[in-house]
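Q: Sequence:
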Amino acid sequence: MASDTPTTVHPELLRLRDSIDNIDAALIHLLAERFKCTQQVGRLKATEKLPPADPTREARQIARLRQLAETAKLDPDFAEKFLAFIVREVIRHHEAIASESRASETPGHES
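Under the working numbering, the residues of the sequence shown are numbered 1 to 111, in order.
Since the hints were made in silico from the structure, they are not lab data. Errors might be hidden in some of the hints.
The calculated lysine to any residue pairs, modelled on SDA-like cross-linking and capped at a C-alpha distance of 25 Å, are [stated by the list, open to error]:
hint, residue 1, residue 2
1, LYS81, ARG34
2, LYS36, ALA25
3, LYS73, ASP18
4, LYS49, GLU100
5, LYS81, ARG64
6, LYS45, LEU30
7, LYS81, ALA53
8, LYS36, LEU65
9, LYS36, ASP21
10, LYS36, ARG88
11, LYS36, ILE91
12, LYS45, VAL87
13, LYS49, PHE35
With beta-carbon atoms standing in for the labels, derived distance ranges [stated by the list, open to error]:
hint, residue 1, residue 2, range
14, ASP18, ASP75, 23 to 31 Å
15, GLN67, SER101, 34 to 42 Å
16, LEU50, LYS73, 32 to 40 Å
17, GLU105, LYS73, 43 to 51 Å
18, ARG60, LEU13, 37 to 45 Å
19, ALA96, ASP18, 33 to 41 Å
20, ILE23, GLU105, 39 to 47 Å
21, LEU44, LEU13, 41 to 49 Å
22, LEU27, GLN67, 17 to 25 Å
23, LEU27, GLU105, 36 to 44 Å
24, ARG102, THR71, 40 to 48 Å
25, ILE86, LEU14, 15 to 23 Å
26, GLU33, SER101, 18 to 26 Å
Beta carbons: idealized from backbone N, C-alpha and C, even for Gly.
Sequences and hints are given; from them, build the entire structure.
A: Structure below.
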């Protein structure tokens, strides 16, 4: 089976790939930290009986991140799609937390 990578790779290509790998690792760690925070938000929303989604906040976030993307020379449409993907996942988590919270409040339910 042939390899997609030539046996001799330009040193600059290797350096750039190493940088990409490091950035990817940082993104994963940042996303993990973000989701730790959103899990806490989800628990607070469940306790306070707030809805999992907050369209007003989401709209503000979209506008803010589109502006940040433009400043960073990143396609704002891509940034918005990326945020939308993350928000969908956060809402899914918040819905699950709310459901678990409601179930634990049901009489006769044991934790």
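Q: For the pair supplied as a hint, LYS36 and LEU65, confirm whether the alpha-carbon distance does not exceed 25 Å.
A: holds (20 Å)
Q: For the pair GLN67 and SER101, does the Cβ-Cβ distance stay inside 34 to 42 Å?
A: holds (35 Å)
Q: Does LYS81 pair with ARG34 here, judged by a C-alpha cut-off of 25 Å?
A: holds (17 Å)
Q: Kindly confirm whether 43 to 51 Å is satisfied by the beta carbon distance between GLU105 and LYS73.
A: holds (49 Å)
Q: Hey, LYS36 versus ASP21, does the alpha-carbon distance stay inside 25 Å?
A: holds (23 Å)
Q: Can the suggested window of 17 to 25 Å be confirmed for the beta-carbon pair LEU27 and GLN67?
A: Roughly 20 Å apart at Cβ, these two residues keep to the hinted range, so it holds.
Q: Hey, LYS49 versus PHE35, does the alpha-carbon distance stay inside 25 Å?
A: Given pair LYS49, PHE35 holds - Cα atoms ~20 Å apart, limit 25 Å.
Q: Does the Cβ-Cβ separation between ARG60 and LEU13 fall within 37 to 45 Å?
A: Holds, since ARG60 and LEU13 (Cβ atoms, about 40 Å apart) stay within the stated range.
Q: Need the status of pair LYS81, ARG64: alpha-carbon distance at most 25 Å?
A: holds (14 Å)
Q: Cβ-Cβ distance between ASP18 and ASP75: within 23 to 31 Å?
A: Given range 23 to 31 Å: holds, Cβ gap about 25 Å.
Q: Taking the CB of LEU27 and the CB of GLU105, does the distance hold inside 36 to 44 Å?
A: holds (37 Å)
Q: Does the Cβ-Cβ separation between ILE23 and GLU105 fall within 39 to 47 Å?
A: holds (43 Å)
The structure shown violates just one earlier hint, number 25.
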